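A.B. asks: Now for the letters of each chain:
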Amino acid sequence: MNYALKEFNKQKASYMFIAPSFLIFTVFLIIPVFASLYWSFTEYNILQPPKFVGFQNYADILFHDPRFWKAMTNTVIFVVGTVPTSIAVSLLLAMAIDQNIKLKNWFKTFFFIPSITSIIAISVIWKWLYASGKYGLFNHFLSSIGIPPVNWLGIDLTLPSIIVMSVWGGLGYNMILFLAGLQGIPQVFYEAAEVDGASDWDKFRNVTLPLLRPTMLFVTIMSIISAFQVFEQVYIMTYNSEGAVGGTLDCALTIVAYLYETGFQRFAMGYASALAYLIFFVLFIVTIINMKIVEKKIEY
Amino acid sequence: MEMREIRKFNGDEAARPASKSKQQQLLRTFVYVFLVIGSFIMIVPFVWMIVTSFKPLDEINTYPPSFFIRKPTLAAYIELFSIIPMGRYFMNSLIVTSAITLANIFFCSLAGYAFAKHRFFGRDKLFLLLVGSMMIPWQVNLIPSFVIIKKFGWLNSFAGLIIPAMSGAFGIFLMRQFIMNIPDDLIDAAKIDGCSEFTIYRRVILPLIQPALASLAIFTFMGQWNNFVWPLVVIYSSKMRTIPLALSVLNGQFGTNFAMVMAGAVIATLPVLIVFVAFQKYFIKGIALTGLKA
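Going down the list, the sequences are from chains A and B. Count the first sequence with the working numbering and you get residues 46 to 345, in order. Count the second sequence with the working numbering and you get residues -13 to 280, in order.
Read the hints as simulated data drawn from the structure, not as lab findings. Some clues are possibly wrong.
[Stated by the list, open to error] If we take Cβ atoms under 8 Å as the criterion, some of the chain B residues that face chain A in the derived model are: (1) Phe20; (2) Ile23; (3) Pro31; (4) Phe76; (5) Ala100; (6) Ile129; (7) Ser131; (8) Pro230; (9) Ser234.
Computed from a predicted model, the values in this text were never measured in an experiment. For every residue, glycine included, the Cβ atom is placed at its ideal position computed from N, Cα and C.
Chain B with its partners taken away, still in its complex shape (with noise of 0.2 Å):
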């Protein structure tokens, strides 16, 4: 305390920047211990879901809980397989997910193209409906959009599952302001050269937005991988399921063969992990400039 009172007394200089970078390297080892307590405390669920799955159930049931495994086993995995139609369900969720995804690279782009650069009636008043309604939380559309399903005879089918979400307001946002970056002379000599308009979107606008359909292919593959709600509701025999709806059941039903649900939890997470690690470039770029929720 008395050194330090003398030292700015005498306005000692040569001091500071040592005790400065004594304070920084405290910090840096501050945020270090930080954040390696943080990254453990995200990862330990995931180390306990794979190691409970290789788990036989009387190692599941021994005390105290160790993430060492003694006999690792697949018995889970192929249970999984066997008692419920995991392989089917998984079927199911890549048919879905992939249609969902293709029609929506699609038909936001081509919807995008349109609001970015054409002109017609209606444009800017239709484009400001489309943004307005992302303000529309799901839960007020959920219950008619399952009448109309219902409606239509698709309850119980891919058809239920897959046309409502083959096009959205968010998609079509982040095409169009992508494809405004686009310089029209691009677009104008194509049309000297006498393309036709889906000529031009297909020959000039889709080879320059590529990164953007990435961004909007992996989102829409992860958050239709992971959707829950709309299955839960359209969905009513066994074999329809998806892996998030196959998961809750198989919570339900075998609640108590943890080794089980969390083989099902690792089949469910496994996919979208291996896109997420392989797209992580574009994923996180893509959050960062649009806040999508996956």
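Bound-form chain A, shown alone (with noise of 0.2 Å):
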């Protein structure tokens, strides 16, 4: 009885360790989660009660809604135009800074400082590097090699504008995650290769990246994420004085962008809610199927 009594005391105090975590999970997580793919079927506009309308909000979104798919392809084009990009560049800076060379720690805090920027702060620092005319950095710079100013944000750039500016800000944090994989990987695999008479892009193809392959999926997975659920940079770059996002003829409108305006300039909860579980899904199809290539991969 005593043991008894003892036993549940002590569970009584785990339970208290994690109740305040638990709390703030359970509301802000748990019952949203479930909230919002109820809503999903629903019509909801926070005023009224949701109102049941099955699978028309899907259906409406994957068949009628036009903005939708320009949202979904300008959404693939930053993760396509990001991803590989970033990867490469910090990839081979991981590399750099990985040889034994002076400054290393003013090099990586060079790279670094982007990521620890607020991305609000970025974004309006680049929108000034970008002014239309001649006042704008970009455009003094290619004026003075003779080529015509440029309307970095009008319809046509605006998108590539941005992804430049986003692999400019994620390339130090990605450095730093290829640095920690750099540094796991075992001298003595190079000093084998090298007794092998390996040259250094045989021992890249071979040891480097074989081996950095964990740190590479997971890279990757994180960039696609991340670059899938681009906004902040959107918002800034396309904001203009009726507060729509995305820019003219929703140049730049990126699935999250839209899913905001649907939910919170609209206040069409239902259909912003099937949205972001259309991005759930989406994401989660990315993981699964990054997951098998590199199953299939590691073979030897």
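Starting from the two chains in their separate frames, assemble the complex, guided by the hints.
C.D. replies: Here it is, written out as structure tokens:
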């Protein structure tokens, strides 16, 4: 009896310890996950109670909503535009810094500063760099080599401009992850390869890349997930006086920007919830595919 | 070409290290050039931000744009703090970020300790649920969280900004991994001495996990200082804005006054930069260990 009581008391302490976290977890994560799943099958504008409409929202999004497909296309362009470039360049940077070079920590810091800076601050800084006419720094640079000024934030170039800025901003973070991965590769493998007369390229292809695969998988999945959710950059770069997000003719409307507009500007919460679940679904599939690809490649 | 062929043929061993080291030197030079140009590209936008923020308006609109300031001025900063209540926004950000950081240190370590060292019914299932929840993109719970906050009457308040972020799956996970490495003997010894569970947490666990707490604190501080989306949907009055929100409004309303917007960007960047430089060691190590995005 005494023992059972003691056990219960001990368990009570454990539940007390996790209680604050689980309260927050339940109210702001578990309940919301189910709430938005339910709302995705309803018409809901906050003021009136949700009205059940079955698969109507999903059908509308997938078959009758050109803006959704525009946003999806832009988002995919953004992912394809940022992820491979960022991975390639940050891997190069990590390998360069991993050499025994001077000022190593300085270089690390320089490349990492954008990663700690607020993306809002970065976006306003780049908006100024991209400024149209001759005062923008980029246009000035172009004109100094004889190219006429470009409208960086016009219909055609807004999305590419945001892509360039985002690659720049994300390099340092991926670099740190690759650096950790590189430092985890035992030096013996390189020495063995050298004994076998391997060139630098051979070493990169046959030692570095295969042994870096777990890091590569992690970086790729995380990069795709976060690129797919791009929002802040778009919000700042395309914000106009009417408060619309996404730019002229939705030229840079991304899927999360569209969700924001639907949910918090038009208060179509049911429709926005369905969008959220579609995002969830896509990211889930992307993760599964990535893991399958890597599983297949690790055979030796 | 011919020379090389002959060398190869003769198996001239002496020539190889020489050419190898020359090649290595070339590679090294290339690496430095690559890194220096790269660093330059990283730094220039920030230098441009700082330079612009100290320029008088007429210099911003002179051609060609220059990194040299002829008459440096604090006008943009003075404007920033007089036209809009930037001081208040700074305090808002500081209050919200500090409160969230302290709460996370406390709640995550508490839960992390229970998950690492206690045995209780449902422990592993709950932990799995917690870890699994990290897969859920934030868009899924954004809308209901907003509605819940509205129901609680916490829209446009510190409570609405702070309470939902007071603990997190990632923090608990980090703490648990770290606390698992603490030997059970220490805890058992404290138990024999008659310490209560909370005393063990306070006197034994907390002092031992200080490096992990520091990492969690820095991540949380930076992530929250830069947080934008949640304040964007929760805050509607101008008084309650946090720094990133204020900066976005500044961009919308005074977008053409670049000196002022850049001064705002400097104010937004400075605190995280200071924290980063001061605690760089913990920060980069923490990322390498966990892959957390700030």
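A.B. asks: Would you pick out the hints that fail for this structure and give their numbers low to high?
C.D. replies: 2 and 4
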